[in-house]
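Residue numbers (my numbering), protein chains in the order written: chain A, 127 to 510; chain B, 127 to 510; chain C, 44 to 423; chain D, 44 to 423.
In short, the hints are calculated from the structure, not lab data.
Heads up, some of the hints might be wrong.
Computed list of lysine-lysine pairs in PhoX-like fashion (alpha-carbon distance at most 20 angstroms, straight line) [said to hold, decoys possible]: (1) D/LYS265 / B/LYS256; (2) B/LYS171 / B/LYS133; (3) B/LYS160 / B/LYS143; (4) C/LYS74 / A/LYS160; (5) B/LYS256 / D/LYS321; (6) A/LYS256 / A/LYS360; (7) B/LYS340 / A/LYS400; (8) A/LYS400 / A/LYS441; (9) B/LYS509 / A/LYS401; (10) B/LYS160 / D/LYS55; (11) B/LYS136 / B/LYS152; (12) B/LYS502 / A/LYS510; (13) C/LYS321 / A/LYS261; (14) C/LYS74 / A/LYS161; (15) A/LYS401 / B/LYS136; (16) A/LYS437 / B/LYS437; (17) D/LYS74 / D/LYS152; (18) C/LYS311 / A/LYS256; (19) B/LYS340 / B/LYS256; (20) B/LYS160 / D/LYS74; (21) A/LYS133 / B/LYS437; (22) D/LYS321 / A/LYS400; (23) B/LYS256 / D/LYS74; (24) A/LYS393 / B/LYS167; (25) B/LYS393 / A/LYS441; (26) C/LYS321 / C/LYS124; (27) C/LYS321 / A/LYS256; (28) D/LYS152 / D/LYS55.
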Amino acid sequence: MDFGLTKSEKEMQKAAKAFAKGEFDKDMSLELDKKKEFPTKVWEKAGELGFIGMHFSEECSGQDLGLMESCIVIEEFCRKDSTLGSTLAFSSYGSESILKYGSDELKKKFLPEVAEGRMLSSCAFKENGKGYNFKSLSTTAVRDGDEWIINGEKTYVLNGGSAGFYTVLCQTDSDADITKGLSMFLVEADREGLVADDVGEKLGLRMIKTATIKLNNVRVPASNLIGNEGSGYKQIQEFFDINRIIISAQAVGMAQGAFDRALDYVKQREQFGKKIAQFQITGHKIANLSTTITQIRLLTYNAAWNYDQGKNDSKLTAMAKLASTKAAVDVAAEAIQLFGGYGFMTEYEVERYYRDSKVIEIFEGNRGVQRDAIGKDVIGKIKK
Amino acid sequence: MDFGLTKSEKEMQKAAKAFAKGEFDKDMSLELDKKKEFPTKVWEKAGELGFIGMHFSEECSGQDLGLMESCIVIEEFCRKDSTLGSTLAFSSYGSESILKYGSDELKKKFLPEVAEGRMLSSCAFKENGKGYNFKSLSTTAVRDGDEWIINGEKTYVLNGGSAGFYTVLCQTDSDADITKGLSMFLVEADREGLVADDVGEKLGLRMIKTATIKLNNVRVPASNLIGNEGSGYKQIQEFFDINRIIISAQAVGMAQGAFDRALDYVKQREQFGKKIAQFQITGHKIANLSTTITQIRLLTYNAAWNYDQGKNDSKLTAMAKLASTKAAVDVAAEAIQLFGGYGFMTEYEVERYYRDSKVIEIFEGNRGVQRDAIGKDVIGKIKK
Amino acid sequence: MEILKYTEEHEKYREKLRVFFEKEVTPYADKWEEDHAVPKEVWRKVGQAGLLCPLVPEEYGGIGGDFSHVVVYMEEFAKTKQSGLMLTLHNDIVVPYILAYGTEEVKKKYLPKCVSGECITAVAMTEPAVGSDLSGMETTAVEDGDEIIINGNKTFISNGHVSDLVIVAARNSEIDDPYSGISLYLVEDGTPGFERGEKFDKLGMRSQDTAELFFNNCRIPKENMLGTKGGGFIMLMEKLQQERLCAAIGGVVGSEAIIKELIEFCQKTIVDGKPLSKSQAIRFELVEMATEVKLGRTFMETLIYDHIDGQNVVVETSMLKSWGTDLLNDHVNRALEIMGDYATLEESVLVRGFRDSRITTIFAGTNEIMKQVAAQFMGI
Amino acid sequence: MEILKYTEEHEKYREKLRVFFEKEVTPYADKWEEDHAVPKEVWRKVGQAGLLCPLVPEEYGGIGGDFSHVVVYMEEFAKTKQSGLMLTLHNDIVVPYILAYGTEEVKKKYLPKCVSGECITAVAMTEPAVGSDLSGMETTAVEDGDEIIINGNKTFISNGHVSDLVIVAARNSEIDDPYSGISLYLVEDGTPGFERGEKFDKLGMRSQDTAELFFNNCRIPKENMLGTKGGGFIMLMEKLQQERLCAAIGGVVGSEAIIKELIEFCQKTIVDGKPLSKSQAIRFELVEMATEVKLGRTFMETLIYDHIDGQNVVVETSMLKSWGTDLLNDHVNRALEIMGDYATLEESVLVRGFRDSRITTIFAGTNEIMKQVAAQFMGI
């Protein structure tokens, strides 16, 4: 094993640090969070400088880098600012299906737009009253000549209302086995019959729009089918694999960012005649938090490395999502506690880390979903 | 980064698995644990085959391998049997000081004995009423011509009574700063004036003897001083660095071993019409346990890797000891619970993992000691 | 078993609160959150309904209730889904200072208005530079003839904007001992030299006006000192048991509200054709949470019983304040997790609980201070 | 507040227990652990001292005590630092079956001996193949004239070797319904066909003789059936509340004993010139543990109160059994950690507690089963 960062990893880390330092302004961020506005300028700049879709191929305006480098960058971004970092992490949300399964035409048309910071992407998979099994979806796509007609409703769609297109998971054969009955379609945001209803105010990640996407007889050309008909289940699993690792990297960054702020604070704030850091209980809290952060970082990197090696391990991915997001919430909570009353105040930022980390903890499968997945995988087949 | 095992790591892992499978007999182990007897034959064989002091140089009968390989081997051993594995892990306990600081004479005389499984070593550092700061020790060594005269008492000395020699931390200058007033001596077990008083029955690790070592005017030649006079503090810190990583590897193995057994059990045991593994709550427990084990393994390997790279990081080492041993206890406890009544029975082994892991959790600095160390290191200097 | 015996009068009071809150408070909770403020008129309304300051005796316009009224009050208050109308702060924390330490004149002057809602109160202890370390207090009070001149800044003051009367802790700078120089003073709204800072933007309790207060050569009449000169620290300490007990009750009662909401949510939310409450892992979590809430409720009631009985329950109160507010945060965190995606929307009522509850482990003395206090009074 | 009212009689009983245990039990605890057994004579001694079966009425030789006696008993028992002399099992779990379901004849025959210590009891439900799933029970009982023939194996039976009389659950194999075929039978020591297996080597409770029991065409008289035919499941369920309450009490009372030991240890153990109890982190842990113990104690007392009052507290009892035994294990784990190296030696009394307590989350229904039961009876 080798726990040292490679040259490329180090370079991207350095570049990400520099970008975040230069472009992430605290006051701007507080303002945008308050107004629930997307950080358009930061996003455009990130696109220009190649921080979006780093793992895309060069012809799609990417850098052909690994998910590992993406994770390192996202971590640095979220460390510096939990919300700004997340907007960037999610700006290519759902694009991977196109990257891996899309036709050259779709790739060329959409991926450079995403990577260059001109278009947000999104994946619409979740439905009301349905969990993460996708045993039967109410959103359907029916073939009609050279077109598909899509009907249904998707909930909690990230970038919903701001994305240029959605990858939409549809039932294409209700009689078929789950591994064959689902298909993935690219649906442009401006297609007739597609409406994005904003979900309203959120607990966290307030700069990112989230919407319910209603599809009413939306027609897309057959060329908008991503990959083969019936490959939707496989695609959505791969989507989760990559996105849960990305979320895990966000969580590591958020945990580290909340920790950084708390550590600075306890080292300079005095109470009862000494610095807060000098109380034994503070030392122990700092020890626990830094131990946790070290562990989730390793777990996340391991999952990303496996992905890059083509040895993707879904249980490791779910472990990373499970452990990292919970840790981020816990670290942020303890950071607030270490700040005392100030921690509750927006200005000191840790409260936002707390809100944002809670959202990504729940998002794309809460603890129960992850534990179900890991348990099933580890237990494997049972002999009768 | 590279999370794949190197060729040498894989080979040692395979060899360790094969050795444990061939030599660790469950009934023998239950018997030895009950009788509190050292597994002499297994130890001798392990020595013959090179599983002891793997990181010693070849001239000292080692294999010149890294701590990483040692950890991998120890993990496999403790996974297969928590107690047998620990006896082997601790069979070169305290030898590292000689390896690194001892004269060629001492090295040649003692290390091959240890590595070849003919002599146990031990380190005697702890004193009654003293913590892990070593600010002032009551065990003293006073120079008398070509000899040193040692007086004092050391407690909780592992391999105490069975080791061939002890590395004994002594105060050699009570006026000097802690970093200069302590020195390390090799004291042969048969020196006049050295008495080992067994501490009696222990909670776990019952095959290993533990004793109070009393030194009453024990005379050793000046050549038994390990390294320079006054280098004792440095040596004991390095001793902790390496040993806490080794303990952490034991913990990973114990956690994995207890988990393996519980997993097998829940997959075959039926209750209320289905296998225990098929209850959702079991799946979640399995998920939590395997997530924890994955994390402590990464943390331990990272600490070992850093050590091997000469970038030893004491806080990482303490984190590994803290997190891994606690996890091992928790995993063993949950394993017992998954076994139900059988888990309480000696025959099903997990109870022994529970006892053994609790001992290594406490041993060489409990949680408080580790947290103090990590906190101090992370917080660093505080500006007035 | 029934630990707290409520009389018919208590039950009537509960009913009156319930009806009032349902009509005049709960429906406006969302609006107040948006506005980051509760209009003063609401306070007046509560007063006009006879529902302020249950502990104030009849001679000052109150109902002369006991601490059981307070408990009933907090239980009903917990159902209003807001925290900006900080009735407990006024009723059970600030006004009791006037009641206990005010001269007859002061009591006659202020208490009837406190009851009627004309005079909303706040208490100002914490300072920017020293936080909760009273020994470092920098606000000074200097006598000048018949007046007292106050100088200094206070921060994190709840009811910071809405208050008509503030109890200010300040020290006599001539006295060396950090504690024995502290006295408490009543400062009215509008007193020259008394100004209020911007309201803070906060994680939660958004409808509540937390602010800084500035005293710049602020002159008040000598009669506005509460209790004895230099007795401030003792007074603060004496009142802490009740303040912390209130915080503890808030933790337990809040957790009760959460588990109730959560169970209902899990029963009615169908995922893949099955209510969440039929998932074994969720059932276990619900039982674990319900267990802790029952433990907290029972212990809380015995503390209330003993507190009413006039016993010293400093150790137990410190313990429950710490345990109960940690519980509240743990439970709301778990509840959001269990609920899943819906719990990322502000529309979901528990999200407000999630944001609001984070301060409870910090206010009324951080939980770390609670543990220090408990250890000290346990003699360990 | 005082929840449980002890009479003078209870206090006298406590004193008698205390004196007896201090003289006849505690000093032998280490020896029994070593021997992996408690001599039968000790049981006789307890009986002769009038300290067995507090719940048995005077007409059968008992003292006709109430459940408060049991609580007093368990509190004093927790101080004996051993668990092999399983008095509670005999007193409060097994004998109550005879008391509740035995015919007058059976009661007259056995109860006086249970009280005197001549007849030590055990109960045998669990089987190797099916564990705690009673519906899978394989031991059968077949009527043959005036006799009943029992066949099957039971496992994990406490008092497995020392018992003179065992209550055995067995099913009528002709009845399909897995529950309504179960009946309870009294099998005496020495009955042909009744044999005992080796004692198990265990993590803890070493002085206690847990064993397998084998029934091979074991014939007993028909009169030895307890209660009604096929009523076994109902009887077991009816008695579970008390059994689980006892387990819950054991958890809380055990935790109390631990925190007491631990505080003393931390106060007297000097490391680097300072008592452990002066370390801030340890002080916080002590407070946290003491807090949980107080919560448990209060809740436990209200349950005992309600249980004595004849109320259904199945939900609360299941909750406290689970919470209290988890608490016990958590606390003994923390205690060992805090104590440090000394806590790796069997010489340290808490080490035995560490080993013994692990079974408490499993016995009397695993804590997972407790949560299932609670969820079910809460209607979620």
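Okay, the hints, checked on the actual structure:
1. Of the supplied pair hints, the one linking D/LYS265 and B/LYS256 is violated, its CA atoms being roughly 68 angstroms apart against a limit of 20 angstroms.
2. Annotation: proposed proximity of B/LYS171 to B/LYS133 is violated, straight-line Cα distance about 24 angstroms (limit 20 angstroms).
3. Proposed proximity of B/LYS160 and B/LYS143 is contradicted: the alpha carbons are some 25 angstroms apart, above 20 angstroms.
4. The hinted pair formed by C/LYS74 and A/LYS160 meets the criterion: a straight-line CA distance of about 17 angstroms does not exceed 20 angstroms.
5. At roughly 15 angstroms between alpha-carbon atoms, B/LYS256 and D/LYS321 fall within 20 angstroms of each other, so this suggested pair holds.
6. Restraint check: the Cα-Cα separation between A/LYS256 and A/LYS360 comes to about 18 angstroms, which is no more than 20 angstroms; the hinted pair holds.
7. About 42 angstroms separates the Cα atoms of B/LYS340 and A/LYS400, which puts this hinted pair outside 20 angstroms; it is violated.
8. Simply put, A/LYS400 and A/LYS441 have alpha-carbon atoms about 46 angstroms apart, too far for the 20 angstroms limit, and the pair is violated.
9. Using a Cα cut-off of 20 angstroms, the hinted pair B/LYS509 and A/LYS401 holds, with the two alpha carbons roughly 9 angstroms apart.
10. Distance restraint check for B/LYS160 and D/LYS55: the Cα-Cα separation of roughly 43 angstroms exceeds the 20 angstroms cut-off, and the hinted pair is therefore not satisfied.
11. Note on B/LYS136 and B/LYS152: the hinted pairing is violated, with a Cα-Cα distance of about 25 angstroms set against a maximum of 20 angstroms.
12. The straight-line distance between the Cα atoms of B/LYS502 and A/LYS510 is roughly 54 angstroms, outside the 20 angstroms bound, and the hint therefore fails.
13. At most 20 angstroms may separate the alpha-carbon atoms for a hinted pair to count; C/LYS321 and A/LYS261 meet this at roughly 18 angstroms.
14. For the given pair, C/LYS74 sits about 17 angstroms from A/LYS161 by alpha-carbon distance, which is consistent with the 20 angstroms threshold.
15. Under the criterion of a C-alpha separation no larger than 20 angstroms, the hint pairing A/LYS401 with B/LYS136 is inconsistent with the structure, at around 48 angstroms.
16. Between A/LYS437 and B/LYS437, the direct Cα distance comes to roughly 29 angstroms. Violation of the 20 angstroms bound is thereby established for this hinted pair.
17. Between D/LYS74 and D/LYS152 the alpha-carbon distance is near 34 angstroms, which puts this suggested pair outside the 20 angstroms criterion.
18. For the proposed pair C/LYS311 and A/LYS256, the alpha carbon gap of about 14 angstroms is at most 20 angstroms, so the pair holds.
19. A threshold of 20 angstroms between alpha carbons decides the hint, and for B/LYS340 with B/LYS256 the separation of about 16 angstroms falls inside it, so the pair holds.
20. A C-alpha spacing of about 17 angstroms is found between B/LYS160 and D/LYS74, which places the hinted pair at or below 20 angstroms, so the restraint holds.
21. At roughly 18 angstroms between alpha-carbon atoms, A/LYS133 and B/LYS437 fall within 20 angstroms of each other, so this suggested pair holds.
22. Taking the CA atoms of D/LYS321 and A/LYS400, the gap is about 17 angstroms. The hint holds against a cut of 20 angstroms.
23. Proposed proximity of B/LYS256 and D/LYS74 is contradicted: the alpha carbons are some 32 angstroms apart, above 20 angstroms.
24. A threshold of 20 angstroms between alpha carbons decides the hint, and for A/LYS393 with B/LYS167 the separation of about 55 angstroms lies outside it, so the pair is violated.
25. Distance hint between B/LYS393 and A/LYS441 is fulfilled; the C-alpha atoms sit about 18 angstroms from each other, no more than 20 angstroms.
26. A C-alpha spacing of about 27 angstroms is found between C/LYS321 and C/LYS124, which places the hinted pair above 20 angstroms, so the restraint is violated.
27. For the given pair, C/LYS321 sits about 15 angstroms from A/LYS256 by alpha-carbon distance, which is consistent with the 20 angstroms threshold.
28. For the proposed pair D/LYS152 and D/LYS55, the alpha carbon gap of about 29 angstroms is over 20 angstroms, so the pair is violated.
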